[in-house]
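With the sequences and hints as input, model every part of the structure.
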Amino acid sequence: MGRRTGWFVVLACLLCALLSVAVAKPPQSPSSKSPKATPASKTELQKRLAAVQKQIRQARAEIRQIRRRERAITADLLATEQELDNTRQRLHRVRARLNTVRTLQRQTAARLQELERRLQHRQRLLARRVRVAYQQGNASTVRVLLGSRDVHDLISRSYVLGRIARADSRLVLAIQQDKAEVAQAKVQLDRQAQEIAQLEAELAEQTRRLQQHTAVKRSILEDIARDRALKEQALDEWEEESRQIAAMLRAMEQTARGQARLARPFRGGFIRPVNGPIVSGFGMRFHPILKVNRMHTGVDIAAPHGTPIKAAADGEVVFAGYRRGYGNTIIIDHGGGVATLYAHCSALAVGEGTTVRQGQVIGYVGATGLATGPHLHFEVRRNGEPVNPL
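Each residue of the sequence shown is one higher than the one before, starting from 1 at the first, in this note's numbering.
For the record, the hints were derived by calculation from the structure and aren't laboratory data.
These numbers come from a predicted model, not from an experiment.
Any given hint could turn out to be false.
Stated by the list, open to error - Okay, the calculated beta carbon distance ranges per label pair:
#1 Leu173 to Glu200: 37 to 43 Å
#2 Ser169 to Gln206: 44 to 50 Å
#3 Ser169 to Arg111: 19 to 25 Å
#4 Glu200 to Asp76: 23 to 29 Å
Note that the Cβ used here is the ideal one computed from N, Cα and C, for glycine as well.
Structure representation (structure tokens):
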């Protein structure tokens, strides 16, 4: 049904009611005294004004709440994006460090392999010497020494043999020490690489979570922006629609024909324009589109698309056409300041100026204008003020 209504409708109708009261009687002669508002009518207007002001305060509070939520989410999004940027920079540095460590790992592994190869080569040479010495005993050493020309040559040869043996031992020991140091460095690099890889994985996971959080916040902001745009558009349309209807009723009542109808009291009763359950009643309700509490100025009657709509009472069609919020709309003036409105019609069966009888088909149920599905939005207005049709 019609998803419209709010404080602006009440305000427009209040203005309409004021003008309707002003034209309810023909102008008096200069000698006549202007009628004064009775205390009861003044009190009623004050109550209506208070209700309108309450709606205005509520609307402003809701807008402030939406803006506060927008600001909070925007601030959270900016903080998350900053954290995401910092995390990405850290991740970039960690990955560069990991690449450096892995390069050192490869170099250390190659160095370790080279030392292992040299050590094995030196150990093979030593093993060969030991084997030869074992096979020949001390004969070879003795021959070297006996081959000395004199004592000085003997001492020199003994010294050389000792140096060769000691050099071999030192070389093997040095290679073993280098190998141990390189192996220790490799162990440290492996551990460092493992720690950096773990840090990289943690930062990558943190980046993923922050990206997901950022996407969620952006989606929420987009939803809020769409919802706000929808509310602003709906409010603009409904406010304009209510102004147009109120202006039309005022113009109608100011004509001689309209004043005649206004002066003629309405004594008839209403019939239901369509058969079907009432899915949204008159009064304050939680709006299904705006998601806020709003005044519903009529009743919504569920009915299939194309169901005939009947005039609730005798009267004259004063409007038959399209109004943005209401869609295809018919307004019937029943006299005495009483009018009925039929909104969201799929098609109209009467035109402006048509005199209709109670029960006559005037249109067909639809979902034009701002509606969530086929239904009839039905209003009753007295002097421009919406009243409960039931």
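Against the structure, the hints:
no. : hint                         : verdict
1   : Leu173 to Glu200: 37 to 43 Å : holds, 40 Å
2   : Ser169 to Gln206: 44 to 50 Å : violated, 55 Å
3   : Ser169 to Arg111: 19 to 25 Å : holds, 23 Å
4   : Glu200 to Asp76: 23 to 29 Å  : holds, 27 Å
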